[in-house]
Amino acid sequence: KNEVEQSPQNLTAQEGEFITINCSYSVGISALHWLQQHPGGGIVSLFMLSSGKKKHGRLIATINIQEKHSSLHITASHPRDSAVYICAVPQSGGSNYKLTFGKGTLLTVNP
Amino acid sequence: NAGVTQTPKFQVLKTGQSMTLQCAQDMNHNSMYWYRQDPGMGLRLIYYSASEGTTDKGEVPNGYNVSRLNKREFSLRLESAAPSQTSVYFCASSDLPGTGNYGYTFGSGTRLTVV
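In order, the protein sequences belong to chains A and B. The numbers in the numbering used here rise by one with no breaks, and the one at position 42 of the first sequence is 46. The numbers in the numbering used here rise by one with no breaks, and the one at position 53 of the second sequence is 399.
It should be emphasised that the hints constitute simulated quantities derived from the structure, not laboratory data. Careful, some of the hints might be misleading.
Said to hold, decoys possible - From the structure, some residues in chain B lie toward chain A, with a derived Cβ separation under 8 angstroms:
id, residue
1, L391
2, Y394
3, T451
4, S454
Claimed, not checked - Listed below are the simulated SDA-like cross-link pairs for lysine to any residue, each with C-alpha atoms no more than 25 angstroms apart in a straight line:
id, chain 1, residue 1, chain 2, residue 2
5, A, K5, A, S30
6, B, K360, B, D384
7, A, K5, B, V358
8, B, K355, A, A87
9, A, K102, B, Q368
10, A, K5, B, Y410
11, A, K107, A, A35
12, A, K58, A, A17
13, A, K72, A, H82
14, A, K59, B, D441
15, A, K102, B, A348
16, A, K102, B, E405
17, B, K355, A, G45
18, B, K403, B, S413
19, A, K59, A, S28
20, A, K102, B, L424
21, A, K102, B, K360
22, A, K102, B, A370
23, B, K355, A, L50
24, A, K59, A, K107
25, A, K57, A, N26
26, A, K5, B, K417
27, A, K5, B, P385
28, A, K57, B, D441
29, A, K5, A, A35
30, A, K5, B, K403
31, B, K355, B, R390
32, A, K57, A, S28
33, B, K360, B, T459
What the hints assert, rightly or not - Pulled a few chain A residues facing chain B out of the computed Cβ check, cut under 7 angstroms:
id, residue
34, G46
35, S49
36, L50
37, M52
38, F105
Note that beta-carbon positions come from the ideal geometry of N, C-alpha and C, so glycine has one too.
Construct the complete structure from the given sequences, taking the supplied hints into account.
And the structure:
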């Protein structure tokens, strides 16, 4: 079964700072998901990626399949980016629809 | 709007009571899931349905039952609620990579408190 480690667990930043959240997993995968959850809120899928890099607005996700590692970057961070960011990968590493989730990174962006 | 709809959003139960959480998706996904989220534990899979007509246990199925009513609907039932089932419950749907419809969509969650 795939194991997922996220770092850091908690991150506090000032508005405008560049943010990086890391995710490592143990078994080769077909795709990795980045999710966002605002306090008390629902879960939103930000990215699903299997190679390289994806960009959506100020968010950038990268993945290195060989190193089993992904990063989520936020440029010019804003207080509305304050949320928990969760990395998820297929449980068995292959084209499997069941996911294993990291415990999340709590990001707080202060004005 | 396309997505996953869960009801209710909040519920308080007494120990021993039963209830059903409802979930419906209009993403035309084949697979549906029920997760629970507890502080410090991350999301854990309770039950899933890979396709209409099938259901399987996840990591934490004890105390729960599910029904895949049709392709759109997947319900979660607590037959005799216990305080340990106090949690936030999320329904999700997805399809497999390669289907052209891959991706996860989550409902907005149900906050359940069992007293």
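Going down the list of hints, with the structure as the test:
At about 6 angstroms, the closest approach between the beta carbon of B:L391 and any beta carbon in chain A falls short of 8 angstroms, and the interface hint on this residue holds. Interface hint at B:Y394: satisfied, since its Cβ lies 6 angstroms from the closest Cβ of chain A, which is below the 8 angstroms cut-off. Below 8 angstroms, beta-carbon pairs count as interface contacts, and B:T451 has one with chain A at about 7 angstroms; its hint therefore holds. With 8 angstroms as the threshold, the beta carbon of B:S454 comes within range of chain A, its nearest partner Cβ sitting at about 4 angstroms, so the hint holds.
For the given pair, A:K5 sits about 8 angstroms from A:S30 by alpha-carbon distance, which is consistent with the 25 angstroms threshold. Simply put, B:K360 and B:D384 have alpha-carbon atoms about 19 angstroms apart, close enough for the 25 angstroms limit, and the pair holds. A threshold of 25 angstroms between alpha carbons decides the hint, and for A:K5 with B:V358 the separation of about 35 angstroms lies outside it, so the pair is violated. Our distance criterion of 25 angstroms between C-alpha atoms is met by B:K355 and A:A87, whose separation comes to about 20 angstroms.
Our distance criterion of 25 angstroms between C-alpha atoms is met by A:K102 and B:Q368, whose separation comes to about 20 angstroms. Taking the CA atoms of A:K5 and B:Y410, the gap is about 23 angstroms. The hint holds against a cut of 25 angstroms. In summary, the hint linking A:K107 to A:A35 is supported, as the alpha carbons are separated by about 18 angstroms, within the 25 angstroms threshold. For the given pair, A:K58 sits about 23 angstroms from A:A17 by alpha-carbon distance, which is consistent with the 25 angstroms threshold.
With a CA separation close to 29 angstroms, the supplied pair A:K72 and A:H82 exceeds the 25 angstroms bound. Among the hinted pairs, A:K59 with B:D441 is consistent with the structure: their alpha-carbon atoms are about 23 angstroms apart, no more than 25 angstroms. A C-alpha spacing of about 22 angstroms is found between A:K102 and B:A348, which places the hinted pair at or below 25 angstroms, so the restraint holds. With a C-alpha separation of about 11 angstroms, the suggested pair A:K102 and B:E405 falls inside the 25 angstroms cut-off, and the hint holds.
At most 25 angstroms may separate the alpha-carbon atoms for a hinted pair to count; B:K355 and A:G45 meet this at roughly 11 angstroms. In summary, the hint linking B:K403 to B:S413 is supported, as the alpha carbons are separated by about 12 angstroms, within the 25 angstroms threshold. The suggested pairing of A:K59 with A:S28 holds, with an alpha-carbon distance near 20 angstroms, which does not exceed 25 angstroms. Restraint check: the Cα-Cα separation between A:K102 and B:L424 comes to about 22 angstroms, which is no more than 25 angstroms; the hinted pair holds.
In summary, the hint linking A:K102 to B:K360 is not supported, as the alpha carbons are separated by about 32 angstroms, beyond the 25 angstroms threshold. A distance of roughly 19 angstroms separates the Cα atoms of A:K102 and B:A370; the hinted pair therefore holds under the 25 angstroms criterion. Proximity of B:K355 to A:L50 is assessed by CA-CA distance (about 23 angstroms); at most 25 angstroms being required, the pair is judged to hold. At most 25 angstroms may separate the alpha-carbon atoms for a hinted pair to count; A:K59 and A:K107 meet this at roughly 23 angstroms.
Restraint check for A:K57 and A:N26: satisfied, since their Cα atoms lie roughly 14 angstroms apart, inside the 25 angstroms limit. About 28 angstroms separates the Cα atoms of A:K5 and B:K417, which puts this hinted pair outside 25 angstroms; it is violated. Distance check on the hinted pair: A:K5 and B:P385 sit about 22 angstroms apart at the alpha-carbon level, within 25 angstroms; holds. Note on A:K57 and B:D441: the hinted pairing holds, with a Cα-Cα distance of about 22 angstroms set against a maximum of 25 angstroms.
Under the criterion of a C-alpha separation no larger than 25 angstroms, the hint pairing A:K5 with A:A35 is consistent with the structure, at around 15 angstroms. Note on A:K5 and B:K403: the hinted pairing holds, with a Cα-Cα distance of about 16 angstroms set against a maximum of 25 angstroms. About 19 angstroms separates the Cα atoms of B:K355 and B:R390, which keeps this hinted pair within 25 angstroms; it holds. Annotation: proposed proximity of A:K57 to A:S28 holds, straight-line Cα distance about 16 angstroms (limit 25 angstroms).
About 8 angstroms separates the Cα atoms of B:K360 and B:T459, which keeps this hinted pair within 25 angstroms; it holds. The beta carbon of A:G46 comes within 4 angstroms of a beta carbon in chain B, closer than 7 angstroms, and the hint placing it at the interface holds. Annotation: interface hint on A:S49 holds; nearest CB of chain B at approximately 5 angstroms, less than 7 angstroms. The restraint placing A:L50 at the interface with chain B is violated, with a minimum CB-CB distance near 11 angstroms, outside the 7 angstroms limit.
Interface hint at A:M52: satisfied, since its Cβ lies 5 angstroms from the closest Cβ of chain B, which is below the 7 angstroms cut-off. Annotation: A:F105 was flagged as interfacial toward chain B, and the flag holds, the nearest CB pair being 4 angstroms apart, inside 7 angstroms.
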